[in-house]
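Trainee: Turn these sequences into a full structure, and let the hints guide you.
Each residue of the sequence shown is one higher than the one before, starting from 218 at the first, in my numbering.
By construction, these hints were calculated from the structure, which means they are not laboratory data.
Keep in mind that the hints are not guaranteed to be accurate.
[What the hints assert, rightly or not] With a cut-off of at most 20 Å between alpha-carbon atoms, the simulated SDA-like pairs for lysine to any residue come out as follows: (1) K316 - G249; (2) K316 - P263; (3) K316 - R239; (4) K316 - D273; (5) K316 - I266.
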Amino acid sequence: MVQILDVGTAQLYARALLAIARADEPIGSEEGMRLESRLAARVAMPMPIADLLLADPLDPSQLARDVRLSSGPFRNVTLHSSELARMIVLDSIIVLLAKGYVSEAEGLEVIRFAIALGCTRDEVRGMSVHLANWI
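Mentor: Structural data, given as structure tokens:
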């Protein structure tokens, strides 16, 4: 499994997962535990969920802008935006399925984040069958 080593990218990834999980209702305990598990697996440094809950909400356009700014020609880019999008899609689905389903609001939010990072609808469709209803 690819780990995110850059602190800024890790925070963006974590905030995106949180925004997706919050898309339709407050995060339940099962979703919270899965979110913590995904963060521990993907992020090379500690990322307490309590700190993330206090951060400003992240929207897809802000994520795309911040990723572009962090991947300029003289920056040490750790992940391509399409790789980050794939992580966000796959990991958010894992988190969302803790409650047994992906809601329409959550599914649409996952798609918005992936498209903001440059993925086509066909690419997103290929990442998860759980999004097929909204593409």
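Trainee: Hint by hint, say whether it matches the structure.
Mentor: Here is what the structure says about each hint:
no.: 1; hint: K316 - G249; verdict: 10 Å, holds
no.: 2; hint: K316 - P263; verdict: 25 Å, violated
no.: 3; hint: K316 - R239; verdict: 13 Å, holds
no.: 4; hint: K316 - D273; verdict: 25 Å, violated
no.: 5; hint: K316 - I266; verdict: 18 Å, holds
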